[in-house]
Amino acid sequence: MPRMTMIEAIRDAMDVSMAADPAVVVFGEDVGYFGGVFRCTAGLQKKYGPSRCFDAPISESGIVGAGIGMAAYGLKPVVEIQFADYVYPAYDQIVSEAARLRYRSAGEFTCPMVIRMPTGGGIFGGQTHSQSPEALFTHVTGLKVVVPSNPQDAKGLLIAAIEDPDPVVFLEPKRLYNGPFDGWHDRPVTAWKTHAQSEVAEGHYSVALGQAAVRREGRAVTILAYGTMVHVALAGAEAAGVDAEVIDLRTLLPLDLEAIVTSVRKTGRCLVLHEATLTSGFGAELAALVQAECFYHLEAPVRRVAGWDTPYPHVHEWIYFPGPERVARALTELVEEA
Amino acid sequence: MPRMTMIEAIRDAMDVSMAADPAVVVFGEDVGYFGGVFRCTAGLQKKYGPSRCFDAPISESGIVGAGIGMAAYGLKPVVEIQFADYVYPAYDQIVSEAARLRYRSAGEFTCPMVIRMPTGGGIFGGQTHSQSPEALFTHVTGLKVVVPSNPQDAKGLLIAAIEDPDPVVFLEPKRLYNGPFDGWHDRPVTAWKTHAQSEVAEGHYSVALGQAAVRREGRAVTILAYGTMVHVALAGAEAAGVDAEVIDLRTLLPLDLEAIVTSVRKTGRCLVLHEATLTSGFGAELAALVQAECFYHLEAPVRRVAGWDTPYPHVHEWIYFPGPERVARALTELVEEA
Amino acid sequence: MADSDPRIAPLSLTVPEPAVRPGGQPDFSGVPIPRAGTVRRPAVDEEPEAMRDLAFTIIRVLNRDGAAVGPWAEALALPDDELLTGLRHMMLLRIYDARMMTAQRQQKTSFYMQHLGEEAISCAFARALSPGDMNFPTYRQAGLLIAGGYPLSEMMHQVYSNDGDRLRGRQLPVLYSSKPHGFFTVSGNLATQFLQAVGWGMASAISGDRKISAGWIGDGSTAESDFHAALVFASTYKAPVVLNIVNNQWAISTFQGIARGGAGTFAARGLGFGIPALRVDGNDYLAVRAVADWAVARARANLGPTVVEYVTYRAGGHSTSDDPNAYRPAEESAAWPLGDPVVRLKAHLIARGLWSEERHAQAEAEILAEVTAAQKAAEAIGTLHTGRRPSPRDMFEDVYAQMPPHLRRQRQEAGF
Amino acid sequence: MADSDPRIAPLSLTVPEPAVRPGGQPDFSGVPIPRAGTVRRPAVDEEPEAMRDLAFTIIRVLNRDGAAVGPWAEALALPDDELLTGLRHMMLLRIYDARMMTAQRQQKTSFYMQHLGEEAISCAFARALSPGDMNFPTYRQAGLLIAGGYPLSEMMHQVYSNDGDRLRGRQLPVLYSSKPHGFFTVSGNLATQFLQAVGWGMASAISGDRKISAGWIGDGSTAESDFHAALVFASTYKAPVVLNIVNNQWAISTFQGIARGGAGTFAARGLGFGIPALRVDGNDYLAVRAVADWAVARARANLGPTVVEYVTYRAGGHSTSDDPNAYRPAEESAAWPLGDPVVRLKAHLIARGLWSEERHAQAEAEILAEVTAAQKAAEAIGTLHTGRRPSPRDMFEDVYAQMPPHLRRQRQEAGF
Ligand SMILES: Cc1ncc(C[n+]2csc(CCOP(=O)(O)OP(=O)(O)O)c2C)c(N)n1
Ligand SMILES: Cc1ncc(C[n+]2csc(CCOP(=O)(O)OP(=O)(O)O)c2C)c(N)n1
Ligand SMILES: [Mg+2]
Ligand SMILES: [Mg+2]
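Chains as they are written, first to last, in this note's numbering: chain A, 35 to 372; chain B, 35 to 372; chain C, 681 to 1096; chain D, 681 to 1096.
Next comes chain A alone, as it looks inside the complex (with noise of 0.2 Å):
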């Protein structure tokens, strides 16, 4: 099987769709010509044509708002917003239209779009370049929201979510885009092609949106995790040396509760990561489900660890940054309580 990066898997995934549907058209600023700031889209405008690849002017609002009207027309547009930081300008066109269309109007209109975008930090990006705004996402019914944690899912989940007739954030953690990341930042990066998940099938394969995946199986403790913080949790609980299990969330609305309170009532214990900032994120709802769901078999409160209530700082990324240390510490803890 063909190896691919994130990147290329993310590519594979718009032109394996393109190439099977005429509906499906890329746009967002620098896509077209260039191929986008991330080279997502390379080659893409070359080979389809700029009516289906093109770049947009620098309006967010725009991006997503001509979206809108193009899936309401009946084409499935995947739109790019160049980082997730940049959402905001468009978050009313998406909260308030793009959600809403197929509730108002009884499904006469709806909105099969994909709005794609760089997420998280590790890059020294600063606090815009850095961002995971997903549960500024997941409060909005209507919407899905997605985010993958290496080439394989990333190119099934992309895939699903454009043919899925309902909009779809679809969240890419740009710090995987080029090699998977386990927070061990000064330690030597392995490039994708040396990972298991790099190994991408060709042509078309989707991965069902709603589904986790557990990385690791383990009895001590779950630990339930997306994106970059997937591979932080494996590293932490390596470096913890707990026999932790690993969820990967891939789909964060709709949510697999099903997966979640299996392990977890296994378990008794749970660990949750994001890299967005603690409060109100979206371990907070996964904190609330699992004690909802799992209040009997919990031997020690959810725990979560996550970004500080701080924007994100450019000189303490890596003291910011959500990494194995915090991880191991939170697991050791965790499974001594009680």
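Calculated from the structure, these hints are not laboratory results.
A few of these clues could be false.
[What the hints assert, rightly or not] A few chain C residues that don't get close to chain D, going by computed Cβ distances all over 10 Å: (1) R744; (2) R940; (3) H1065.
[Stated by the list, open to error] Distance windows between CB atoms, simulated: (4) A:Y239 / C:E762: 55 to 61 Å; (5) D:D745 / A:A53: 54 to 60 Å; (6) A:G83 / D:S1001: 46 to 52 Å; (7) A:D55 / D:S1001: 32 to 38 Å; (8) C:L1048 / D:P722: 56 to 62 Å; (9) C:A1006 / A:D55: 29 to 35 Å; (10) C:D745 / A:D55: 28 to 34 Å; (11) A:D55 / C:S1071: 31 to 37 Å; (12) A:Y330 / C:M1083: 26 to 32 Å.
The beta-carbon is built from N, C-alpha and C at its ideal position, and this holds for glycine as well.
Given the structure of chain A, go ahead and fit chains B, C and D with the ligands onto it with the hints provided.
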């Protein structure tokens, strides 16, 4: 003491503040000559002149963005967003700018601004006059989030918010504007005039941000609520005949965690209420915190009663709205559990 | 330094105010109104730069004597029955509005918004489009449905949120939706759809289709950010879209000057984007239709977008929640110089011998009977608080194409 | 119906493309460039409607021979030392940029953005303002600081995020902030501050102050929604603000045509709002200064906002993360018809006998020495990954004026 409706109390808070400090300016859609669609600013333009209270173009982003510039200059803008449902176009200015100025500039530029907006349902306003977006702000560090439940607090909290050196999102439960509302929509509404909490002291006073208030003492279960749901909580407790302690959070960010923990450790049970949709609502953060801080005191999982995860409907308002029956049912189940 | 230099006068804030407020005498003498028939009609493919003048005048067809004059009238030349149909549509919309206003006062529904004085705009524009084209209307373009033959009963079911409502009682009254009638689901959020109209038109162009779209926005809402995004995208990609700005002089209590600022007109906004911008008498059914035909032709010929500003006046309150006498003189409406669209078209038809006071009175009676009958039928199903309403189960449907587990659980918890 | 009518050609999407791409021959012959000195200079209080022409031309002062000609030159008449200072500022900015670019390549910091070819704009504009006025700059106006006498060392500390950084290493390099120097904290989010500049100016007017503000935005960013909000508010309230649009032909890989669309210029946007809009040669230090003086005078006299489009060219990459050769011919920069701002002012000074090649070479050496010294000092404190960095405690400060309990708990948990 004079008795005021919530609207009168809010207007009085702005009046008192404008009289005391020439830096306080008020603007927003229809707030000038007409005095606001809910009349919260009636008379202020006449009294303080059009350059301190004026109509703004229909541009929420413009209102907040211009307000940020004014605040950076040294004024204290109090801007009105006509309905919380319409705040999204201003979301970028609030999240990326207002909430970040102080941090970015290490205190050189700050944003002492209040963003007022009517929130919540109960007026048959349909999808776009009923939303409760508080959780979209509690996830944004750098902001403060306030939701008053009565005229006394509304005035004191608004004055505190205006005097606060940082940006405050001030959510006004519109269903409470003209009278307390306990969720029994089919029963005669009582006016504020006949309600103790409508006794509003004249002149300047403030209610400190970050402090909750116990509205009803109880031993069996703690109910965490804010805004309209405080009244629904009281009605629900009555209906269920449960010895519930009702805590009015008043400020969601920063949160009075101590008051919450003290109460739940006493009662051992906790019910969280809000009008907003359940998933990733502020109730998730509350449940996550309570289970973490009170794990060994909890006799049952923390429960949430909230708006269903659908857009806010028109005809089925009273099936959607989390009224006293739902609260009573949850309370009964909660106290019987375990 | 400058800020303390005594030679420099201190700055002061300019806050635009309308010419009159309650108590004052309405005065529109400041509003320059060219005589009917005097404004030129350029070819649809004329260079935008060459048409800048059309953004600062008012295209008018019907003169004081009810005659249709000038180049726009000549280009139009509608058959008689089309004119009679147009009058009927406006009358029907007005009577429908009146009935629904009353129904709201009788608490048969929560809310309503009427078109009084603005009927010509949506009624005439609708006739310029072809099947398959798509409008992205605001809450004040029900004439698009009426003139498109959409059943009154459907509209009433939506207003009543009764069990006949195809939208299952989810939407606030008047936020209709009908794909077959080229009427996009109306949003409660202003300006968002002006931009979506551009995207829809782009999609038609991308698909090599022949359909065009029409965006609708009010004078006040042009201040919204999405108005800009719409013009940027329309200008850059030459989208086949007609961008309609209905300037009825007022937002809610805010007069047009607050949104418009220093520009003399709203049409002028288009010039900053090199988009042809026309201003038209919005109370002149023939002028509206003539300009609509012109703009639609441009879009259809792939010549790109057109901005059209309709100069009109909101004769009623903003909505049933609004009392305009609190912020403008009650006499202002009567003083409005462009008159009433129904009266003007009626006069034209009478002048042409196609119509008479008698037939008009008779038509009014017929239409009222028709509306009343439809209303009876609708109310037989139910109104907001009485009769048959949509099932609570519907409240949980259509959030997604397929109901996810958590929503199904919630529906069960709700007991449906 | 229209969409199947064989007589109507199907629609197609227009997607603007730059004249050349890598491999092609740069060709700016399409860019009309008026001779220096030929564009009129209106009185600052002339009616905006009467100045529309200035949005479609280019105001230029320095001609081929290095002479300053025309009405704008006459109105300017700067003392010799001010001209020499201007040259020095541009040279300093260019050398500072070069050193920081190298430092970034040496991994002394994460990121950098240079001004190559655009030095005249921020350096000249800074001199038109008075103490107390406030700029709302983008990441490409460091000349405002340099020309304002802001210490190089302060700038370097910020770029290195070292312990000397007043912003405590929180911000990405080049996102400086200095209230005393009238330089608002730069946001990483485009266009947001263009609007804030208008609000700041309104606040000055509300306060009866004499200070004015200046908003800054790039050609690509004018597509953002906040650009519209800024113009709406500036136009409506006649805010004392200069709205600067730096048109350097490119966003990142996207050429100006995608943001500009059908309008011939970006200045044209101002016309839709009745705001005077001037286009100026951004590589002509004297023209920039002359137009800046004019716009600042308008704002100071409470005459309201002015839109200024600076026509220039981004000679370098967008940032250290960008390789422009991937999307435009490497030769394009050399072919740019407006030349280099440093070379042009230098030629003018030499022509006037105020300067010489020798003195220029000498000045370059002195400035390089000055920059190098400052850099040594800064690096003695530290760079992004070495030396003394801000305390981790600082990471938790300034989120609020007073640290709330939950943040204090988190800081303790973090161990600081
Ligand atoms: C984003 C947003 N902001 C505010 C409102 C509240 N609102 C509803 S209608 C209206 C006035 C609109 O005026 P105009 O655009 O002139 O349209 P008109 O009602 O005159 O047709 C306002 C402020 C809204 N619906 N959406
Ligand atoms: C809201 C937002 N969207 C996208 C970006 C990413 N971005 C940074 S600079 C840039 C190009 C800006 O081009 P222009 O406005 O012409 O300014 P220039 O860099 O040429 O000075 C883009 C797209 C951003 N910083 N903020
Ligand atoms: Mg209006
Ligand atoms: Mg640029």
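Distance restraint hint 29 to 35 Å, applied to the beta-carbon atoms of A1006 of chain C and D55 of chain A: At 55 Å between Cβs, range violated.
Range agreement (Cβ of S1001 of chain D with Cβ of G83 of chain A, hint 46 to 52 Å): 28 Å, violated
Distance restraint hint 26 to 32 Å, applied to the beta-carbon atoms of Y330 of chain A and M1083 of chain C: 29 Å, holds
Outside-interface status for R744 of chain C - nearest CB in chain D farther than 10 Å: 30 Å, holds
Cβ separation check - R940 of chain C to all of chain D, threshold 10 Å: 8 Å, violated
Consistency of beta-carbon spacing, D55 of chain A to D745 of chain C, with hint 28 to 34 Å: Since the Cβ atoms of D745 of chain C and D55 of chain A sit about 59 Å apart, the hinted range of 28 to 34 Å is violated.
Status of the stated non-contact between H1065 of chain C and chain D (beta carbon gap over 10 Å): 40 Å, holds
Cβ separation of Y239 of chain A and E762 of chain C, checked against the hinted range 55 to 61 Å: 56 Å, holds
Range hint compliance [Cβ, D745 of chain D to A53 of chain A, 54 to 60 Å]: 59 Å, holds
Distance restraint evaluation - D55 of chain A, S1071 of chain C, Cβ atoms, bounds 31 to 37 Å: 35 Å, holds
L1048 of chain C versus P722 of chain D beta-carbon gap, inside 56 to 62 Å or not: 60 Å, holds
Distance restraint evaluation - D55 of chain A, S1001 of chain D, Cβ atoms, bounds 32 to 38 Å: 33 Å, holds
Going through the hint list in order, the structure does not satisfy hints 2, 6, 9 and 10.
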